[in-house]
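Number of protein chains: 4
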Amino acid sequence: MNRKMRMGMVGGGQGAFIGAIHRIAAAIDGEIELVCGAFSSDPARSKASGEELMLPANRVYGSFEEMILKEKELPEGERMDFISIVTPNHVHFPPAKMALENGFHVVCDKPLAFNMQEALELRDLVNKTGLLFALTHNYTGYPMVKQARAMVRNGELGKIRKVIVEYPQGWLATPVDNKQAAWRTDPNRSGAAGCMGDIGTHAENLAEYITGLKIVELCADLTIFVEGRQLDDDGNVLLHFDNGAKGILHASQICVGDENNLNIRIYGEKGGLEWRQEEPNTLIVKHLGKPKEVYRAGVGNLYDATKAHIRVPPPGHPEGYLEAFASIYRNFARTLRSRLKGETPNPLYMDFPTVEDGVRGMAFIETVVEANKSPQKWYPFKKY
Amino acid sequence: MNRKMRMGMVGGGQGAFIGAIHRIAAAIDGEIELVCGAFSSDPARSKASGEELMLPANRVYGSFEEMILKEKELPEGERMDFISIVTPNHVHFPPAKMALENGFHVVCDKPLAFNMQEALELRDLVNKTGLLFALTHNYTGYPMVKQARAMVRNGELGKIRKVIVEYPQGWLATPVDNKQAAWRTDPNRSGAAGCMGDIGTHAENLAEYITGLKIVELCADLTIFVEGRQLDDDGNVLLHFDNGAKGILHASQICVGDENNLNIRIYGEKGGLEWRQEEPNTLIVKHLGKPKEVYRAGVGNLYDATKAHIRVPPPGHPEGYLEAFASIYRNFARTLRSRLKGETPNPLYMDFPTVEDGVRGMAFIETVVEANKSPQKWYPFKKY
Amino acid sequence: MNRKMRMGMVGGGQGAFIGAIHRIAAAIDGEIELVCGAFSSDPARSKASGEELMLPANRVYGSFEEMILKEKELPEGERMDFISIVTPNHVHFPPAKMALENGFHVVCDKPLAFNMQEALELRDLVNKTGLLFALTHNYTGYPMVKQARAMVRNGELGKIRKVIVEYPQGWLATPVDNKQAAWRTDPNRSGAAGCMGDIGTHAENLAEYITGLKIVELCADLTIFVEGRQLDDDGNVLLHFDNGAKGILHASQICVGDENNLNIRIYGEKGGLEWRQEEPNTLIVKHLGKPKEVYRAGVGNLYDATKAHIRVPPPGHPEGYLEAFASIYRNFARTLRSRLKGETPNPLYMDFPTVEDGVRGMAFIETVVEANKSPQKWYPFKKY
Amino acid sequence: MNRKMRMGMVGGGQGAFIGAIHRIAAAIDGEIELVCGAFSSDPARSKASGEELMLPANRVYGSFEEMILKEKELPEGERMDFISIVTPNHVHFPPAKMALENGFHVVCDKPLAFNMQEALELRDLVNKTGLLFALTHNYTGYPMVKQARAMVRNGELGKIRKVIVEYPQGWLATPVDNKQAAWRTDPNRSGAAGCMGDIGTHAENLAEYITGLKIVELCADLTIFVEGRQLDDDGNVLLHFDNGAKGILHASQICVGDENNLNIRIYGEKGGLEWRQEEPNTLIVKHLGKPKEVYRAGVGNLYDATKAHIRVPPPGHPEGYLEAFASIYRNFARTLRSRLKGETPNPLYMDFPTVEDGVRGMAFIETVVEANKSPQKWYPFKKY
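In the order they appear, the protein sequences are chains A, B, C and D.
Just so we're aligned, residue 9 is where the first sequence starts under the working numbering, counting upward by one.
Just so we're aligned, residue 9 is where the second sequence starts under the working numbering, counting upward by one.
Just so we're aligned, residue 9 is where the third sequence starts under the working numbering, counting upward by one.
Just so we're aligned, residue 9 is where the fourth sequence starts under the working numbering, counting upward by one.
Each hint should be verified, as a subset may be incorrect.
A pair counts as met if it fits within one copy or between any two copies, since identical chains are not told apart.
[As the list claims (entries may be wrong)] Listed next, the in silico DSS-like pairs over lysine-lysine satisfying Cα-Cα at most 25 Å (straight line):
id, residue 1, residue 2
1, K222, K381
2, K298, K187
3, K55, K12
4, K278, K298
5, K187, K315
6, K298, K12
7, K298, K136
8, K349, K55
9, K278, K187
10, K187, K136
11, K391, K349
12, K349, K136
If you are wondering where the hints come from, they were derived from the structure by calculation, not from laboratory data.
Quick caveat, the model's predicted, so the values are computed rather than measured.
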């Protein structure tokens, strides 16, 4: 018989923003149950958070180490199946590593790790243990992103020539002093890049996910606009893809008034696509010499991969960020359940970012940071 | 200590669309647990549905009667707290009535009942028992609807003069032969009105919810466009409100190419508002002789009632239909929890449609149907 | 050989808004020459206006009577061919009548006249003299309105079921004290209706122009919102068309923050259309169960009637209000030139509103004003 | 007394697109009169074109040389005041030079010349003769571009940090064989660049015009996507401005489905702006932590420079490309008229692109072409 997958959470205590998002994303489809957590490195705060979440006290732990060890001792029908890591970047690696070493599957927020060394070690561990590892590059969970991908992969646009991907935000246009900003702008917690790591990686991931192309070299111009900040808060990048396509990647946190305006435009020999995260249920499809078409989630003949990621069949009932995030969790849970039952997972649900995407994202961070410092125009994308 | 509210569901078995929506809406915030259900009038189908939902077999019932009686016998710490009714219109009344009579709180899909007699009986029962009753007029759950309401109530627009509310859909533009269409176009299951009952009531509810005004008389022109259909699939209605404001209500299911385009425009002496369900995180605010402002969920100084219904603080991460629906459930659950704990509920969460809104919706249906047949221009809104 | 058509203007002196618009509209295509004018009922002001317009002093007249008589005496190769009347409503009739009686063709601003009696007398004169008469219902000059019309007429939408036409403005939301507002809100200069005459007629004309349908009865709810005003500043109207289609016409001058938001939605059995004057180069085309298409001026296979009204072939170079207005003048001028040359006019250019449309507009005004006072729901559209 | 400025046209005969645009632009405001032309290098075609334009036969010339010489001999009250050059790029210089040398003012389409040498010679001639020279970088004529410029110059955005300017078109996505495409893709007629010269210069001009900043170095990635084409049809460029601002310039003619989507986003320390040529009457204004504002032509307190370029005072009546183009002509004509009358020109109308902007545009073309070939990241903007 089917059962819900059991999740333990690392991080995401009171005051953390992204933890709540992960919990909602995991809960939406009724296929995952939060059974335990180490919500804070401060045991008292972890306890209080667990109480708020209505967890039994004995499943709320003072540290992820304690959680992993104690859960491992619980009977199979009770202990968590996987951990969800929602801590700042520099605390991704330790719990991920320990979980894998102790036989737990992992869902981890992005970027994969604090630096490349950690990322490669995690990749090795995943490959060695064979455990499932999902990275929450959540924006690829949107139905119309699936549609865009299917259309490109199916050749509807012809050979891809140009990709413009942007992720402008405005929230760091001035010095910001809150929990979110603090770690994101701190090289000791965020890593080698600021804006490029936090949101540039989403842009890179989205472009490669949809097109199936790989960036092979790039030219980067990163800037720190806000005085005193230590990491880039803006970056403009030119791209060369492996099929000869050209591109622009633009990510910024100083674009005053912009919210989370991740968007992508793709042009091929025969057609074009345009998608914006802020109105995610719409996909503009462009043709040579014909009117544009407004594809909408739920309308017309969509690909199976698209339909598999729509929860509200009647069109015009918008789904959003949480549902896209939830699709990563649901796909992970369904693939995990199939595996636990010894069944072949449905390929429609094997669609979630993996440790490999995580390594790719880390390589992107390394490459743009080095490219930015280089006087040469084209800098090769680092291979690992 | 806090605990999740326990929900039993009536209806929503395999193949039903709206049951899944209610389950997601109840699950999102992690404050409600689906513990049992009578998912179909066909016991085998109910059983299969429960299994799919990973419920224990002994909590899946063959009928709502069985569910209510059996659950009542369970110990207090185990039995359901409330039932959620997601059946077609003609099966709202029987489970609602029985639940109330047996001490269970109720969440019920709209419209409240099949006819006015049932509606009034439910209102009496709610008043007599003092149990909580929520009606899922879900569109009022959107954050920017809360913002619109707070702005109007706070006088930001001045005295309201004009309200234009529309709900055009296109899915019934041709004869449609599926489960959704079947009961909605059948007078024996849907009630006295088709389009006006199914979506016209949402429009009426939204207009009155935001403005705080009441329609006092109206002029209706209902039409059956698709041959052989027995209930209206289109309606144009002129409105007079109790403060002298004028209005137009337009609902249709034959507007080819329209999805779920519920939208409202409100004009006062000092300002105007515009909101569209299909892009729900945006509220256009209009001023005398000044540029329009684009209010967005999460941006700037929003009212507390707005912020209390946003789950994703960073702006630009769209929330949608499911979240708005979920807010009805969450508010109901929080108000119920407070009551069970003997605490005063937080007024921010006492904000969900009640049996009184349900009676109002039924009166709207009755009024438009009678007004449509009347040769006189203005027909008084029926009072109950 | 071809020559420019020679225009004399009545009204449109300094400070008048619409006169300048007519002059630009007439000038754009280089087919009309302003040769004389009686720009104001105040001769000194007329003179000063003519000087500003760089007209020779002897062609600037103190009154339209003087202009018509003096121009008549000029040699054929010099005298004006037609007059353009751009005065307030109550001064349309006298110059139009005198011009027709003296053999001059006429372009006249809308509405046709101050009352129905004048309108009918003008129609008789036009029919008797056989002179050309154009009414500047300028909004029908837009290319995408031509496209909409051609699509409907060609059956692309199937039988028309529903028409929603709106013209909300906000500029009279408060008492306004300027030249424009003064005459428009004065029954002695504007006529029996305010908002309905000024802009409601544009909405009526647009709906009938595109669909080819005629309104046969209507139900009107007109309001004066601003205290002290004598004519309606808002109106909601339900419509019945001659083919059984239903409709809503909404026009208002108190919709705070709205500019000149004339827009129309048309739904047939097979498809739908949506057009907004404020973004006039776009036409949304809706299909059953397929993505919407965004038709744009200059893109794809457009009808000849559409292409004949586009001046800027490359798409994406927006044309606007002045060009649409100019198309009325150009079509009038080309038809007139053909006639003067004894040639058969090109049907593509015989497309401009006539005295017949003007009578229809006057009948609309009469009908809505009477319908508004009537207690019966449906009021027949008056026939003349 | 005032009189119309008299224009002679070079190029723009039958079948040419841009000549008709210039004629409309010159005609709109009634301040310029087309009095003569050499419409084609083929005298018969020139003659036929002049006849169509209803010019007297003796003012239609077989070549620009003939026109300049013959017009020079006409009496002062009759001969043309200036020439308008609307030929392909390689035929800008000869008539411009000859006109200046013979005392005629000049309006010239962009880019200024075929190569830098010609451009510098024209600049010298303009400086030496003191004659007026306008370059039709028409996009700076839009009212909301004026508003954007005034806002930036007035410090409303704070110090500018980032500029993103794009000009994607799709019309050359495949091999195109028409008159327009032929010369634009031919190095012998177009110059050193294709896309970058044709539309990249518009983008460069727009960015510098609004911000008042100068590009000091850039990094260019130009591509020829369509096989067999000899000039770039796509380009991505990173920009560094003289105040430290960063930027992206993206121009392309292979963006399938894009029309003339020139657009610009500007971000400063305090605010942001967003403008799109395809909906030119709207300017989005972004603030730190407050709702966006939608500035519209005609609404609210706009700068004088904005209002001076609006012809249709009531908001919501769209003006477009032709009006923006016309503003270049009108401003040129008014400045010229003031000068001819010996008056000080109104600074509001001295606002049109000059030969200096033309040299700048030529330098841009040279710089991107050289930068594209360079392996170094940053290439200095060439100074002349």
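The hints, checked one at a time:
no.: 1; hint: K222 x K381; result: both (22 Å within a copy, 24 Å between copies)
no.: 2; hint: K298 x K187; result: between (49 Å within a copy, 21 Å between copies)
no.: 3; hint: K55 x K12; result: both (24 Å within a copy, 18 Å between copies)
no.: 4; hint: K278 x K298; result: both (11 Å within a copy, 20 Å between copies)
no.: 5; hint: K187 x K315; result: between (38 Å within a copy, 19 Å between copies)
no.: 6; hint: K298 x K12; result: neither (48 Å within a copy, 37 Å between copies)
no.: 7; hint: K298 x K136; result: neither (52 Å within a copy, 48 Å between copies)
no.: 8; hint: K349 x K55; result: between (33 Å within a copy, 22 Å between copies)
no.: 9; hint: K278 x K187; result: between (47 Å within a copy, 23 Å between copies)
no.: 10; hint: K187 x K136; result: neither (36 Å within a copy, 50 Å between copies)
no.: 11; hint: K391 x K349; result: neither (36 Å within a copy, 59 Å between copies)
no.: 12; hint: K349 x K136; result: within (21 Å within a copy, 51 Å between copies)
Violated hints, in rising order: 6, 7, 10 and 11; the structure is consistent with all others.
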